[in-house]
Each structure stands twice: as C-alpha cells, then as structure tokens.
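S.K.: Chain by chain, the residues run as shown.
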Amino acid sequence: MKKQKIRGLRFGYVKFSGIGGYSEKMITELLENGVAIRGVEIKDGKIFGAVSPLDYYRTAETARKYGVRIRAGERGGIYFTLSRYRSRVGLCVGALLFVLTISLWQTSVRSIMIDGDVPRSQIMQILNECNIKVGASVDNLQISKAEHRILAEVENCAWADVSCVGFRVDVHVEKGAPKPEMEDSSPRNIVAARSAMIVRQIPRVGASVVENGSGVNAGDLLVSGVVPDGRDKVLYVRADAEIIGEWMETREFFVPYSETVSIPNGERHEFKYLVFGSDEYPLFFGKAGADNSLYTEQTSIVKLFGQETAFKLKTGIYTEYTEQQIMRSPDDAISELAKQKQRFEENFYPTYEIINAEEKFYPREDGIRLIVDYTLQGDIAKPVAVARE
Amino acid sequence: MGLKEKLIALEELSGRKSTVTITTDGELHGGAEICVENCRCIQELDDNFIVLSVYGMNIRVSGTPLTLENFGVGSVRITGNIHSLDFEENN
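Which chain is which? The protein sequence lines are A and B, in order.
The letter at position 84 of the first sequence is residue 84 when you use our numbering, and the numbering goes up by one with no holes.
If you want our numbering, it's the 1-based position in the second sequence plus 1000.
Calculated directly from the structure, the hints in this document are not laboratory data.
Virtual Cβ for every residue (Gly too), placed ideally from N, Cα, C.
One thing to keep in mind: the hints can contain errors.
If you anchor each label on the Cβ, the simulated ranges turn out as follows [unchecked claim]: (1) Val-138(A) x Gly-1031(B): 48 to 56 Å; (2) Gly-45(A) x Asn-1081(B): 18 to 26 Å; (3) Lys-1017(B) x Ala-152(A): 55 to 63 Å; (4) Phe-1071(B) x Val-138(A): 37 to 45 Å; (5) Gly-45(A) x His-1083(B): 17 to 25 Å; (6) Gly-277(A) x Lys-1017(B): 45 to 53 Å.
With a straight-line cut-off of 30 Å between C-alpha atoms, the simulated DSBU-like cross-links for lysine-lysine are [as the list claims (entries may be wrong)]: (7) Lys-65(A) x Lys-1004(B); (8) Lys-25(A) x Lys-1004(B); (9) Lys-1004(B) x Lys-15(A); (10) Lys-1006(B) x Lys-15(A); (11) Lys-1006(B) x Lys-65(A); (12) Lys-233(A) x Lys-382(A); (13) Lys-25(A) x Lys-1017(B); (14) Lys-25(A) x Lys-1006(B).
Just need the whole structure built from these sequences, with the hints factored in.
M.R.: Here it is in structure tokens:
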C-alpha cells in the first residue's frame, strides 16, 4: 500500500493487509456496521486499507468471518502516542488532576463580568441576593430571578441577560431611551430669591407687581400667576419672568505670611496592570495603594514587533504628600489674595455680573486681610407654586 | 438492536434512492472522485474494478489504481484513475 495521508480517523489508524477469502463481503459488512475505512485497494489479490484502532478488533473478526487472513501493519495517531505513556503514572495522575481541577472550577463561579451603562453596585447586590456570587455553586444560580429583578429594579432598564459560561457569569444590561422632559404646566408665582433693588425686568407670563428701582425682600412677590381675565374672574397661569436685581455683598480673604502646605512631591509608588477588554491583571504582589498620597494613572497600548495589540498597560501612581513651610513677602501675600479673590468669583459668582468690587487691605502681624465690597447684579426670580384654595 | 443498527435500518427505509456524484478535472482518466450515497453492498472488489450495488442498479467502476473509503453510513468514495463507469440494471 502506498504512503498516503489517512483522513478522518481522529484517534489514529491501523493499516492492514489481507489475503484470500471474500474481501468484498468483508468490506460490505464493515460499511454496514459503520466502521470508517480508508484507502481500500486491491493489489495482486491482496487487500489493503486502514481503520481506526478502536475498530480494528471488529475488522479482524469480520475478516475471519469471511476467510480473509488479515495482518496489521503501520499504526499511528494520538491513540498510539498516548499508549506509549500509559505506564507513566505521574503523567496519568497529572493529566487526571488537570481535568479534575478544570472540572471543579466549572462547578463554581470564579468571576462576574458586568457589561452596560448601569450602576455596578446595584447589579452586584441583586446578583448576590440571587445567589450569584464568586464561589457559589453553578447549579444553584437563580439566573431567571436575577434577570427579572434587574429588569424591575434598575431604572429605565430595557433588556437584561445573565448567563453562566463555564465558571464565568456574564451580565449584559441595556437601558432604554431616556424619557423626554415634560414641562410642568401647573400655575406658579415668581418671588424674590434675595433682597435686592429691581434694575430691570422681562415678564413673559403673568402680571408684574414691582417697578424698576423699587426694593424687595427675599420672598416678596414679583410676578403673579393669578391674572384677571377682564370678566370679573381670574386665571391661573404659570408665571415666567427674568427679574434682574442689584445687591451688595462683603467678602473677606486672608493670606498668612507663613504657612504649612501639603505638596504631592514625595515618594512615588507605581503599580502596573495588564488590561484586556474590561479585565485587569495586576503585575505585582500585594495590595496597591499608599497613605496620604495623590493618585494618578497612565495607560499605554502594548506593542509587539511594532504592531499594536489588544492589551494595554495601566500604571497607577501614588505620590506621597510632603509638608512644606512657605514664607511669603507682603507682595507675595497680595498676589495670593488676588488669586484667592479670582478663584472665589469664578466659583461663586459665575452667573452674576460684578458691577463694582471695592477692595480694602488690612495688614496684620501674621498676614494680610482683604475685604471686598461687591455690587452684584443677577436674576433673582424664584418660581413658587400657587396655593389654590 | 443497537442505536447504530437502528440508524442504519432507518437510513435504508427512508432512502431508497442512491446518488452518484462524480468530481473530475475534465476527464475521468486524469484522476476523479466518485461518491455513491446509499450503497447497498460491494459486489466485487478486484485489482482493476469495483462493483457497487445500489437500489435497482450495479455500478461498475474500472480503473487503476482504485482506492475505496467510506463516509457516513452507506456512502462510499472511490478515487483513482478511472477508465470507465458502467451502470447495469439488477433485479
């Protein structure tokens, strides 16, 4: 039989040759019994072929039945490769332990992956209450209950899928389109949010009850949502207006000549993680973190032979704070006061117009105090629901 | 009767039709492949010819060298330099 590739015999093959008898009947019976036969040839009255090692015994029996004297020849494949190691107890035990470990792993949940723009803590709590947690037995997972609870309890949840593949639980949650904002149509008044002098007003809906230049206290009615309809009756409307008032505020700032500040320029602790998809694998032992430190992180794509891979390298950097004594001259203190004032205005007066800011500096032994009298203008309209009797 | 035998019996009951598929590069002699599905038995097997029995017909394939193998239940594939292919009615 010429050397040729034996196809379709997964566990290996045994080539055989036979002589005499009724070889066609033998092959027919083997075909009827579903024995996979490959490369059957007749040459000089001899029959050649190959069968799986698992079918060779049946082939030999069938050959004997039809008077074909059969002889096994070349053999190969995984069946015979593994047979060579059957006396190696260590290998057998190792393979058995490997299969056992994999099987045991498959019996309990090892990781939970959550996909979707949803609050992770809420999902984890629901899963936990449905016995879906790391270490839980795969047989006792209440997957349907978890899906129903996620659908019912997660806000605006449109679709939820919880599935257990091997030892991993995948949770996929999709949220629906957010509801459009509906404008409230209930009647309301506009009152003053603070004490101020009315500078100008733009009433859109409702009846204005104040005049420009008049002073109002916080809570005073500015635009009424109850308007006469001209027929001795009143209409309730949803008052809307822009009422610009002017008022004064005094703020105080202080900068000392000497100060102790914490600056993140101490020892750096770096912790690297290998990131694949949403999984992170720490490349260090122990726990990441450092006391009294500033945390920053950098992420870079891992390249292999100049080509970008699906892996990323994340570096978490903890820089420890150190305390430092700062000494300031009067000019430095004034400059720092100007910065403080600017930061305050950016944070607290972004919606107001600063008409005037009168600054008064008061030098002291330990620093400089700055008092600023602000004259501000802004919208003081505050909507309040109309109390209907 | 085992599962395999039952499947074979079912196959025989359901499929009384045999299909012969010939795959060639242009001529049989240059190397071809003949697939016969629902083959009942192999009637003759010799150095230069193979006779297959299908329902109502014998298929005689002659050539050299001929190689036979099976795929699925009751299906055989014959490859080699095929000289001729004859179909004979049988009873």
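S.K.: Each of the hints needs a verdict: does it hold here or not?
M.R.: Results of checking the hints against the structure:
no.	hint	in the structure
1	Val-138(A) x Gly-1031(B): 48 to 56 Å	53 Å, holds
2	Gly-45(A) x Asn-1081(B): 18 to 26 Å	20 Å, holds
3	Lys-1017(B) x Ala-152(A): 55 to 63 Å	56 Å, holds
4	Phe-1071(B) x Val-138(A): 37 to 45 Å	38 Å, holds
5	Gly-45(A) x His-1083(B): 17 to 25 Å	20 Å, holds
6	Gly-277(A) x Lys-1017(B): 45 to 53 Å	52 Å, holds
7	Lys-65(A) x Lys-1004(B)	21 Å, holds
8	Lys-25(A) x Lys-1004(B)	19 Å, holds
9	Lys-1004(B) x Lys-15(A)	24 Å, holds
10	Lys-1006(B) x Lys-15(A)	29 Å, holds
11	Lys-1006(B) x Lys-65(A)	23 Å, holds
12	Lys-233(A) x Lys-382(A)	26 Å, holds
13	Lys-25(A) x Lys-1017(B)	22 Å, holds
14	Lys-25(A) x Lys-1006(B)	21 Å, holds
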